[in-house]
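Student: Sequence:
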Amino acid sequence: MDLPEWLAPAHSGLTAYAELLAGAGVERGLIGPREVPRLWDRHLLNCAVVVDPESGLIPDGASVIDVGSGAGLPGLVWAIARPDLDIVLLEPLLRRATFLEEAVSILGLDRVRVVRGRAEECTLSAAVVTARAVAPLDRLLGWVARLVAPGGEVLALKGSSAAEEIAVAQAAGIAGTYELISCGVGIVEPPATVVRIRELQRPRSAKR
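13 is the number of the first residue of the sequence shown in our numbering; add one for each residue after it.
Mixed in with the good hints, there may be bad ones.
Said to hold, decoys possible - Beta-carbon label-pair distances, calculated as ranges:
| id | residue 1 | residue 2 | range |
| --- | --- | --- | --- |
| 1 | R128 | V197 | 29 to 39 Å |
| 2 | L192 | W52 | 23 to 33 Å |
| 3 | P202 | Q182 | 17 to 27 Å |
These aren't lab readings, by the way, just hints derived from the structure by calculation. Remember, predicted model here, so these are calculated numbers, not experimental data. The beta-carbon is built from N, C-alpha and C at its ideal position, and this holds for glycine as well.
Sequences and hints are given; from them, build the entire structure.
Tutor: Next up, the structure:
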């Protein structure tokens, strides 16, 4: 796998993580076996390109909360690619949280910690709050707004429905500055789609 120059130092860590996903991740039902052949393009690189230092999306040394981390996407990838970040993997399910704790230990990620819980109940905050494939944007923002530190942002990794989800969130009265960004053009196909929300105002209601 050819990686961009800035990501090359993370190759061994990403390879080790890919092996964990293809092994224990599949065995424990965290990812489907059909995902194994496309782990790099669809998952690892799709997450990694978001933290390219040249993109300026995430400042050096930023604190990050990965909501509903699941198998560790994007949080573990970001930790491997950007060891300057302090990352919390927030995951409510015991089975997934246990896998995350084991992965953090095996990969030697000393600036990552796993917290078992839901976003709505979490008392932590961070400069960057992220999530991938957790919920439609309007519901997601209702859950995570309280986690965003003053001056911080949400980076939601989305798919082809991103623009539609932005429209729904805005129609629901969720105020903030929305930006639709393509990351990794020329590196991964299709590029990663990120919705960046700054100046997010916490919605009055955040029902599941």
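Student: Now, for every hint given, state plainly whether the structure supports it.
Tutor: To see whether the hints hold, each was checked on the structure:
1. R128 x V197: 29 to 39 Å: holds, 36 Å
2. L192 x W52: 23 to 33 Å: holds, 25 Å
3. P202 x Q182: 17 to 27 Å: holds, 24 Å
Of the numbered hints stated above, none is contradicted by the structure.
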